[in-house]
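Turn these sequences into a full structure, and let the hints steer you where they fit.
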Amino acid sequence: MIQGEEMQQAIKVLAQLPGFGQRSARRALLHLLIHKDRKMAPLIQALKTCHDTIVACRMCGHLDTVNPCHICQSPRRHRHQLCVVESVSDLWAMERTGSYHGLYHVLGGVLSAMDDVRPEHLGLSRLIERVDDLQVEEVIFALNASLEAQTTVFVITESLPKSLKITQLAQGIPIGGELDYMDDATLQTALQRRGVL
Amino acid sequence: MITLTDDAILLSKRRYGERGVLLTVFTRHHGKRSGFAYSWSKHAAFQTGMTVTITWKGRTDQHLGTLTLESQPSVYTPLMAHPQRALVVDILCFYVHGLLPDHDPHPDVFDALQQVKADLPTHPSAPRVLADFERFLLTVLGFGCDLSQCAATGDTHDLAYISPKTGRAVSRVAGAPYHHRLLALPPFWLSQDAEASPSDLDKALRITGHFLQVCLLGPRSMTLPDLRAHLLPEGDRACA
Numbered sequence: 001m002i003q004g005e006e007m008q009q010a011i012k013v014l015a016q017l018p019g020f021g022q023r024s025a026r027r028a029l030l031h032l033l034i035h036k037d038r039k040m041a042p043l044i045q046a047l048k049t050c051h052d053t054i055v056a057c058r059m060c061g062h063l064d065t066v067n068p069c070h071i072c073q074s075p076r077r078h079r080h081q082l083c084v085v086e087s088v089s090d091l092w093a094m095e096r097t098g099s100y101h102g103l104y105h106v107l108g109g110v111l112s113a114m115d116d117v118r119p120e121h122l123g124l125s126r127l128i129e130r131v132d133d134l135q136v137e138e139v140i141f142a143l144n145a146s147l148e149a150q151t152t153v154f155v156i157t158e159s160l161p162k163s164l165k166i167t168q169l170a171q172g173i174p175i176g177g178e179l180d181y182m183d184d185a186t187l188q189t190a191l192q193r194r195g196v197l
Numbered sequence: 001m002i003t004l005t006d007d008a009i010l011l012s013k014r015r016y017g018e019r020g021v022l023l024t025v026f027t028r029h030h031g032k033r034s035g036f037a038y039s040w041s042k043h044a045a046f047q048t049g050m051t052v053t054i055t056w057k058g059r060t061d062q063h064l065g066t067l068t069l070e071s072q073p074s075v076y077t078p079l080m081a082h083p084q085r086a087l088v089v090d091i092l093c094f095y096v097h098g099l100l101p102d103h104d105p106h107p108d109v110f111d112a113l114q115q116v117k118a119d120l121p122t123h124p125s126a127p128r129v130l131a132d133f134e135r136f137l138l139t140v141l142g143f144g145c146d147l148s149q150c151a152a153t154g155d156t157h158d159l160a161y162i163s164p165k166t167g168r169a170v171s172r173v174a175g176a177p178y179h180h181r182l183l184a185l186p187p188f189w190l191s192q193d194a195e196a197s198p199s200d201l202d203k204a205l206r207i208t209g210h211f212l213q214v215c216l217l218g219p220r221s222m223t224l225p226d227l228r229a230h231l232l233p234e235g236d237r238a239c240a
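Taken in sequence, the protein lines are chains A and B. Residue numbering for the first sequence follows our numbering, starting at 1 and increasing by one per position. Residue numbering for the second sequence follows our numbering, starting at 1 and increasing by one per position.
Source of the hints: derived by calculation from the structure; they are not laboratory data. Among the clues, some could well be false.
Said to hold, decoys possible - Between beta-carbon pairs, the in silico distance windows are: (1) E70/B to G195/A: 25 to 35 Å; (2) E195/B to G177/A: 38 to 48 Å; (3) I34/A to H63/B: 40 to 50 Å; (4) Q72/B to L169/A: 21 to 31 Å; (5) E195/B to G19/A: 53 to 63 Å; (6) D180/A to G98/B: 33 to 43 Å; (7) G177/A to R220/B: 35 to 45 Å.
The C-beta atom is built at its ideal place from N, Cα and C for all residues, glycine as well.
Next comes the structure, spelled out in structure tokens:
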């Protein structure tokens, strides 16, 4: 064995990260070992800080150093709009747009008969309570365009007050998309939901 | 190397590693097949219930094999706009995935599922579609209800109940003393033209749910999907 047991263990853990395999884990570890002070020490420090300080927000499920998170606490946020997303990465994607100024709710998954994901697994009751407590006027579903996501929208919508405005992200051709390469379902949806100029 | 090409319905799609995807499809002539495909992102547009043309390749019939999917012009898109109907497709795919054996061709079930997908976007009642398919699936798998005559008297008229043990019809008179132990028979099961009220649909879904659980799902250590209760008429959900 060229690497010692300690290094083998580090490679094994690194290889489990997204984007890493055995080979890239070996390369990353070697790079960190060569630049111990410049790269490894700050990385360890940064990871330790994240480990010690970042928690899931008890209101929305977002990851932040404070609980409730900065978004939930912010007075600048529109409290009458609630955007439901599947994961924190989706929340980050929405935030990158800079176009949405309301609150979020992270579900942590979608309902699925096939995978036996039930409403209680996603804490849907907490979402319904939040809608009630915040006196939300609009719930925006920003979920993936999948059958399971549509099922989730249906189940949540049924539990929400009928007077509430419920919207969903539009489906259609992405910016820069070429019709020739578009899948049939996307093109069909885009045609059906075409807008008047 | 074995190569199969067929029309299929996508039943499930799971990530395998970071880029790979494990697919299970229900083909028209070769039954349920699973296979591996590279690139999760390439398969992002393929959703549960979608009709595709597949090419399956494997060294032997029992191998996992690799799958190549090609989309077909389908009625899938309107379903995505109706979440309740999308839920029906999700549940039907769950049944086909869980109850039909691998590699066992069931062109009748395939055609029925295709027909359901075609009818669903415009059908006035999604629960009716679900109840009809469940009843059809029970019949195909050998657990259909016998509504030809009363199990006790042989009477062919005024059938009002179904025995939860045998699946045979029971007449109103013969079943009256045991009505609390029998399943109420919805009138639209006896006459195709009869309208199905929400209460009748509830009765139908109770019968199919009972036999699916007892005869098919239970022995496989499976249960009816919880989400099915969301298709029952609102007042009946609590007792579902």
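Hints and how they fare:
no., hint, verdict
1, E70/B to G195/A: 25 to 35 Å, "30 Å, holds"
2, E195/B to G177/A: 38 to 48 Å, "46 Å, holds"
3, I34/A to H63/B: 40 to 50 Å, "44 Å, holds"
4, Q72/B to L169/A: 21 to 31 Å, "26 Å, holds"
5, E195/B to G19/A: 53 to 63 Å, "57 Å, holds"
6, D180/A to G98/B: 33 to 43 Å, "39 Å, holds"
7, G177/A to R220/B: 35 to 45 Å, "43 Å, holds"
The earlier numbered hints are all upheld by this structure, with none contradicted.
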